[in-house]
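Using the hints, position chain C against chain A.
Chains as they are written, first to last, in my numbering: chain A, 158 to 590; chain C, 158 to 590.
Don't read these hints as lab results, they were simulated from the structure.
27 Å max Cα-Cα, derived BS3-like pairs, lysine-lysine:
{"no.": "1", "chain 1": "C", "residue 1": "K500", "chain 2": "C", "residue 2": "K535"}
{"no.": "2", "chain 1": "C", "residue 1": "K549", "chain 2": "A", "residue 2": "K266"}
{"no.": "3", "chain 1": "A", "residue 1": "K549", "chain 2": "C", "residue 2": "K266"}
{"no.": "4", "chain 1": "C", "residue 1": "K549", "chain 2": "C", "residue 2": "K487"}
{"no.": "5", "chain 1": "C", "residue 1": "K487", "chain 2": "C", "residue 2": "K535"}
{"no.": "6", "chain 1": "A", "residue 1": "K500", "chain 2": "A", "residue 2": "K487"}
{"no.": "7", "chain 1": "C", "residue 1": "K535", "chain 2": "C", "residue 2": "K549"}
{"no.": "8", "chain 1": "A", "residue 1": "K549", "chain 2": "A", "residue 2": "K487"}
{"no.": "9", "chain 1": "C", "residue 1": "K500", "chain 2": "C", "residue 2": "K487"}
{"no.": "10", "chain 1": "A", "residue 1": "K262", "chain 2": "C", "residue 2": "K549"}
{"no.": "11", "chain 1": "C", "residue 1": "K262", "chain 2": "A", "residue 2": "K549"}
{"no.": "12", "chain 1": "A", "residue 1": "K487", "chain 2": "A", "residue 2": "K535"}
As a plain string of letters, each chain reads:
There are 2 protein chains.
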Amino acid sequence: MSLIRTTQVHAHVGARVTVHGWLHNWRQVGKLNFVIVRDGYGITQAVTEDAAAVAALHGLQHETVIELTGTVVAEAQAPGGVELRDLAIRVVTPVTDVLPFPINKALLKATLDVFLDHATVALRNPHRRNLLRLSAGVLAAFREFLTGEGFTEIQSPKLVASATESGANVFAVDYFGTQAYLAQSPQFYKQIMVGVFERVFEVGPVFRAEPHDTTRHVNEYVSLDVEFGFIENHFTVMALLTRLVRHILARLAERHALELELLGVTLPLAPATFPHIHFRDAQQWIFETHGDDCRNEPDLAPQHERWLGEWAREKFNSDFLFVVGYPMSKRPFYTHPDPADPKYSNSFDLLFRGTELVTGGQRLHRYPDYLAALARAKYPVEPFTTYLEAMKFGMPPHGGFAIGSERFVMQLCGLRNLREATLFPRDTHRLTP
Amino acid sequence: MSLIRTTQVHAHVGARVTVHGWLHNWRQVGKLNFVIVRDGYGITQAVTEDAAAVAALHGLQHETVIELTGTVVAEAQAPGGVELRDLAIRVVTPVTDVLPFPINKALLKATLDVFLDHATVALRNPHRRNLLRLSAGVLAAFREFLTGEGFTEIQSPKLVASATESGANVFAVDYFGTQAYLAQSPQFYKQIMVGVFERVFEVGPVFRAEPHDTTRHVNEYVSLDVEFGFIENHFTVMALLTRLVRHILARLAERHALELELLGVTLPLAPATFPHIHFRDAQQWIFETHGDDCRNEPDLAPQHERWLGEWAREKFNSDFLFVVGYPMSKRPFYTHPDPADPKYSNSFDLLFRGTELVTGGQRLHRYPDYLAALARAKYPVEPFTTYLEAMKFGMPPHGGFAIGSERFVMQLCGLRNLREATLFPRDTHRLTP
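Pulled out of the complex, with its shape left as it was, chain A reads as follows:
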């Protein structure tokens, strides 16, 4: 008799095995008792007519922790094609309270707010935890690809002395009597570290004190950051990002086929080269095809991105589309301008199914260019002293990007709210659980 995972039961037909986990369900149909046990990986059904075998469960509620021993029998109608019989059940941790709402349904009936209030138990729902397991798979594939490409992982500080990109939307921290801030991104650090390692990546939390609540924003999220040197321009960065995205999708298909199937996810169309369109041409196309004259706007609206996403899918068979050359006026001061037309930048957004997933581009790399850019933006030089020191002492042409990890899972799984892909989301109304 061996202790196995629920996902291994199918390989032990005829044997006596033990599984442990949570009492996911217990139904009585006539004389038959159906006991469903859920462990960290899947579920297994156990069936008995023997009332004594389930006596230990009487008076106990769902989520009671149990150890269940039985004989594995092939049964076409059982989940996974097997079930346990001749049961012996031991209660490990009894539960006597009733869940705030049932978590053993495929689709939860709780509203998002109620779900989030009780996320500490609601995340045990198999559908919801599959989303989190996919997130873990995205992080693993991200690191695996970059390590293979000679990138080194860094972990930069989240407590910083000044706001990364501007003074707005930053959380202030009382730091031993002085003021510190929470990093809005590892942007400066990853650039600095290109001077050390040439190629770096980081996975870590970023903090945005944006006061608006939307379905696409939370105030703390996991950013997948990449930066590397000796590029030609932003197209070098886009080529790496394309291969990275394709690698992540291939690994998810390989290692998380079960989760993808249970979540009903169709993997996106991701051709070897993602199509791209210049910002200026995108605005012209929007005007000509949808009659929306946005040609003097410095940015694209969400509806514009959705139209472009549909166009890329129809015309290029691609769920991914690069928009390149955003106006310099809307990009941060360290952005490298387009040498041929300095009103526009060597930057890009990557749209995934019509929503912005990644922002990136080429950065300035010459020290005098930084001084000029700060002067143009009317920023003081002092808060940037240490960042500028790296630039003063030799930086190659470089660039990079940042992917919102939760945003990736949201778009991949077609979720309506970013909070569904976030472990314990933080927004203007929510700091718990």
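Frame of chain A, contents of chain C only:
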């Protein structure tokens, strides 16, 4: 002519190659010019008698970014046994400022404070960046082992509504007009997630507002957190930790042999089973062998840990020693007591070369035990509501531990100050770079 890394030059003897990187050094010995280029991976020497070949470097300083083409020649006296000749040098980014101190020496002459002030360039020193590359290797091996053992990665929020373990030493954040805190550890979240995945790990920043400056503490560091269910007691946790540490060391030996050699690191003695001693017996041993009567103290002093470390090395051929059974009075409220002697706990510290590296143990898992423990500690229940909800709905016996990532590298490499193993350290005096 192909673009290669400096670490690949040795494999191209006779060929014409291009490397790029930073001007690490340029010496003139008689008519000979020795140019050392450093890329993100190593260094390569280039030699020429032709003054015209190095003309582009005149007036420029160390760290100028260059592209250097040459023919690979075997030369026993050159670093790595090869050098480039017949040079063509192109300047990519000129540097005209002089570094605050030379960074091309094996040992830097700067004091730690000066080093840290200029870390953005000083980390380019090959010795220092090797430490950071080892850190990346530790993280990769940590994740690899745990993924193989069925653990799922989580990323818990760093903005929390209340202090994790007590109200002290926590950074306060202004969160949209209310008060939030920076998480001192992912402790509660990783326990909660055992209810979802059974086995979880997390790599992320933790924040400790400890107002004292020591060589062993900083105020933000990278914590390697593990938690898993269905354990027997803390010995189950220690067994997993032992295998994890041995896996990390084996992977470092495999993948980072060059860094370990350049850093002069001798890998520690790590037997298949790490020895352990009970806290009470450790105090008795300290009293008997060193005459220090600490038998009524609730904790061990750093000197005690050093003595114990020496003893473990001599008696058990181990650089690692578990001290188990710390008094409940010094452990957090969620610690599981020793059933045989509830004054002591089912917890442990792992000493690495006489310094605490890991703290861990078994946690309480029954809801009524939590209520009793909070009452005993005179903590209000309300701040723990969501944590307690996970406990109310069925938790198996579980436990885990946290490793300080920088502490591991510090002890492994015999560094005198934790700041040497920290990318950009944060302490009471330092928020930059």
